[in-house]
Amino acid sequence: MRWSNRLLVAGLLMMSLFAVAEQETLIFDNDTLRERYLDLTQQLRCPKCENQNIAGSNSPIADDMRNKTYELLHLGYSDEQVVSYMIDRYTEFVIYQPRLDWGTVWLWLGPVLALLLGAGTVTWLARRSGSEPPDELSADERTRLQTLLEKDS
Amino acid sequence: MSKRLVFFLPFIAIAVMMSLFGFALLTGVNPQEMDSALEGREMPAFRLTDVNDSQRTLTEENLDGDPYLMNFWATWCPSCKFEHPYLNSLASEGVRIIGVNYKDDRDLAVTWLRDYANPYDIDVFDPNGDLGFELGVTGAPETFFVDSSGIIRHRFQGPIDSALWENKLKAVYDAME
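Chains A and B are the protein sequences, given in the same order. Heads up: the first sequence begins at 689 in our numbering, then just goes up one per residue. Heads up: the second sequence begins at 4 in our numbering, then just goes up one per residue.
Since the hints were derived computationally from the structure, they do not count as laboratory data. Since the model is a prediction, treat every value here as computed from it, not as a measurement. Even glycine gets a Cβ: it sits at the ideal position worked out from N, Cα and C. Do not rely on the hints blindly, as some may be mistaken.
[To be verified] As a list, the in silico DSS-like pairs of lysine-lysine whose alpha-carbon atoms are at most 25 angstroms apart:
no., chain 1, residue 1, chain 2, residue 2
1, B, K106, A, K756
2, A, K736, B, K84
3, B, K84, B, K171
4, A, K756, A, K736
5, B, K84, A, K756
6, B, K84, B, K106
7, A, K756, B, K171
8, B, K84, B, K173
[Unchecked claim] Derived DEER-like restraints, expressed as beta-carbon distance ranges:
no., chain 1, residue 1, chain 2, residue 2, range
9, A, T720, B, E45, 29 to 39 angstroms
10, B, A48, A, G764, 12 to 22 angstroms
11, B, A18, A, G791, 16 to 26 angstroms
Make a model of the complete structure from these sequences and hints.
Okay, structure coming up:
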């Protein structure tokens, strides 16, 4: 009995998962459009809900943006055009992948610069310690060392 | 640069990052806040009807004239109810306000305007949120400050009250020509 109950619970849980995944039934002209729609709604960020994409959000604005994406795709907009259309109205907040401009170029250059700086520092340190010749022992020190060594053995 | 100082570099880097994040945490930077894409741009074209008259078409040209506030509101929005009396007093002081009834029901909107008084110079009915989408509206209330040449100067999200108006928004309104 227990096992059948657990199975039932597991089944219900899975059903609720499917219910979330299948938010709406949209009819597309072809499968490519459907795939592009799914892809775009994954890429666009909901302006009202911090870290959800519009595919995963139930907020009214995410719903509007999904509808608009659907509409624009059927009007023949390219993926980039749909994204620019959204940015024009909702700013770059709605994209996860930042666009390359003078303000964001540091996201790519920063790590490279940090690596170069690190490599430079390491080489500089290595060269500095390598270039210092070990101190030569004086005659006195040599004899003292010799006596110490002999004493130990 | 001495060798010892170099070993402190990572600590300095961490200290800088910690102060940056600490600053964001303490000053309460709101990660949900986003700028408006529309500031500095022209009022987009639209074609909608009047709340009070479904036969009357309104476009952006109907709004020409004095600078105005464009206020997005709805009967389903509690903050709009909170804001409404203050909009009434602003209107009585001569501030021109255009109302956009956003994703709402016409009958409910008409009743609301009858019951709570109508501060709006023009009542635009936007049941599907089309104009809202063009303006990057994410919810209600939201208010746009538009000058006489139809350029959007400022966007304010949330309800306006007297303190906000006196301390911040009045200056924006007065600066518009």
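Here is how each hint holds up against the structure:
1. Distance restraint check for K106(B) and K756(A): the Cα-Cα separation of roughly 15 angstroms lies within the 25 angstroms cut-off, and the hinted pair is therefore satisfied.
2. Taking the CA atoms of K736(A) and K84(B), the gap is about 21 angstroms. The hint holds against a cut of 25 angstroms.
3. Between the alpha carbons of K84(B) and K171(B) the distance comes to roughly 21 angstroms, so the proposed pair stays at or under 25 angstroms and holds.
4. The straight-line distance between the Cα atoms of K756(A) and K736(A) is roughly 16 angstroms, inside the 25 angstroms bound, and the hint therefore holds.
5. The straight-line distance between the Cα atoms of K84(B) and K756(A) is roughly 29 angstroms, outside the 25 angstroms bound, and the hint therefore fails.
6. Pair hint K84(B) plus K106(B) holds up; C-alpha atoms about 16 angstroms apart against a cutoff of 25 angstroms.
7. The straight-line distance between the Cα atoms of K756(A) and K171(B) is roughly 34 angstroms, outside the 25 angstroms bound, and the hint therefore fails.
8. Between K84(B) and K173(B) the alpha-carbon distance is near 21 angstroms, which keeps this suggested pair within the 25 angstroms criterion.
9. Roughly 35 angstroms separates the CB atoms of T720(A) and E45(B), a value that falls within the hinted 29 to 39 angstroms.
10. Roughly 21 angstroms separates the CB atoms of A48(B) and G764(A), a value that falls within the hinted 12 to 22 angstroms.
11. Take A18(B) and G791(A): their Cβ atoms lie about 25 angstroms apart, and the range 16 to 26 angstroms holds.
When the structure is compared with the earlier hints, violations turn up for hints 5 and 7 and for no others.
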